[in-house]
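Novice: Sequence:
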Amino acid sequence: MRNITHGRVTAFGLISVCIVMSLTSLIHATRTIEAPQAAPTPVAVVDWLRVTESLNSWTEAKAALNSERQSLEQELDQKLVEIENLSDQLQVLSRGTPTYDETARQFGEMSAQFQGWKEFHNQRLVAKELIEQIKVYNSICDAAQAVADQEGYWLVLWDDSASKTANLDQQQLEDAAQMISTRMVLYAAGAKVDITQKVVDYLNSQ
Numbered sequence: 039m040r041n042i043t044h045g046r047v048t049a050f051g052l053i054s055v056c057i058v059m060s061l062t063s064l065i066h067a068t069r070t071i072e073a074p075q076a077a078p079t080p081v082a083v084v085d086w087l088r089v090t091e092s093l094n095s096w097t098e099a100k101a102a103l104n105s106e107r108q109s110l111e112q113e114l115d116q117k118l119v120e121i122e123n124l125s126d127q128l129q130v131l132s133r134g135t136p137t138y139d140e141t142a143r144q145f146g147e148m149s150a151q152f153q154g155w156k157e158f159h160n161q162r163l164v165a166k167e168l169i170e171q172i173k174v175y176n177s178i179c180d181a182a183q184a185v186a187d188q189e190g191y192w193l194v195l196w197d198d199s200a201s202k203t204a205n206l207d208q209q210q211l212e213d214a215a216q217m218i219s220t221r222m223v224l225y226a227a228g229a230k231v232d233i234t235q236k237v238v239d240y241l242n243s244q
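Remember, the working numbering sits 38 above the position in the sequence shown when you count from 1.
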């Protein structure tokens, strides 16, 4: 009877050991199975400088702005000539005479109006250029989306990695600090991910 009991205990012990070993192996195998990795995201980049330099609409907009700026400078020069003429007249007119007083009034009025007129039109041109830049930015975003849909890209970034920060003066260093703080792409594998030309071609074909 004792031998039978011992045999049963031994068999039970062996079964227990087998179960424990099986569970241990299962747990170890479960731990060694790696979690499934996320699928890679197709990414492309667009170079802002290259696309704007090659964009017909932006080239035309800049030409129009430059023409308007030149016209403004001509008007400023003409007004300065008129103000200088009044100043020259005051040098030869007798103080206290009606002619002197009228000329002095015109000189003061034109001088004050000149500064306000100059600032107003300069700000107007700056605002106009900003509006054109926003329009170009929006059109580039639309074109990038269209090209990305065609090529199968899920994400398109500005490629600002080409901007360098060596041998810069103080103002350029300050600009570089701002650029670094907002930089989005540190490296891009060239033509493998660059869709700039495709974006340019798309925009210029519209």
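No wet-lab data here; the hints were simulated from the structure.
Treat the hints with caution; some may be incorrect.
[Stated by the list, open to error] Cβ-Cβ distance ranges computed for the label pairs, FRET-style:
no.: 1; residue 1: A165; residue 2: L193; range: 46 to 56 Å
no.: 2; residue 1: E120; residue 2: K173; range: 35 to 45 Å
no.: 3; residue 1: R133; residue 2: K100; range: 15 to 25 Å
[To be verified] Straight-line alpha carbon distances no greater than 20 Å define the calculated SDA-like cross-link-like pairs of lysine to any residue that follow:
no.: 4; residue 1: K117; residue 2: F158
no.: 5; residue 1: K173; residue 2: Q116
no.: 6; residue 1: K156; residue 2: E120
no.: 7; residue 1: K100; residue 2: E189
no.: 8; residue 1: K173; residue 2: K117
no.: 9; residue 1: K166; residue 2: T90
no.: 10; residue 1: K173; residue 2: P80
no.: 11; residue 1: K117; residue 2: M148
no.: 12; residue 1: K156; residue 2: Q112
no.: 13; residue 1: K236; residue 2: T141
no.: 14; residue 1: K236; residue 2: K117
no.: 15; residue 1: K166; residue 2: K236
no.: 16; residue 1: K236; residue 2: A102
no.: 17; residue 1: K156; residue 2: L118
no.: 18; residue 1: K236; residue 2: E189
no.: 19; residue 1: K166; residue 2: E120
no.: 20; residue 1: K156; residue 2: L87
no.: 21; residue 1: K156; residue 2: E189
no.: 22; residue 1: K166; residue 2: R107
no.: 23; residue 1: K236; residue 2: W96
no.: 24; residue 1: K156; residue 2: Q144
no.: 25; residue 1: K156; residue 2: N123
These numbers were taken from a predicted model, which means no experiment stands behind them.
Yeah, the Cβ is synthetic: ideal placement off N, Cα and C, and Gly gets one too.
Novice: Check the structure against each numbered hint from earlier and tell me which ones fail, lowest number first.
Specialist: Result: hints 1, 3, 5, 7, 8, 10, 13, 14, 15, 16, 19, 20 and 21 break, sorted rising.
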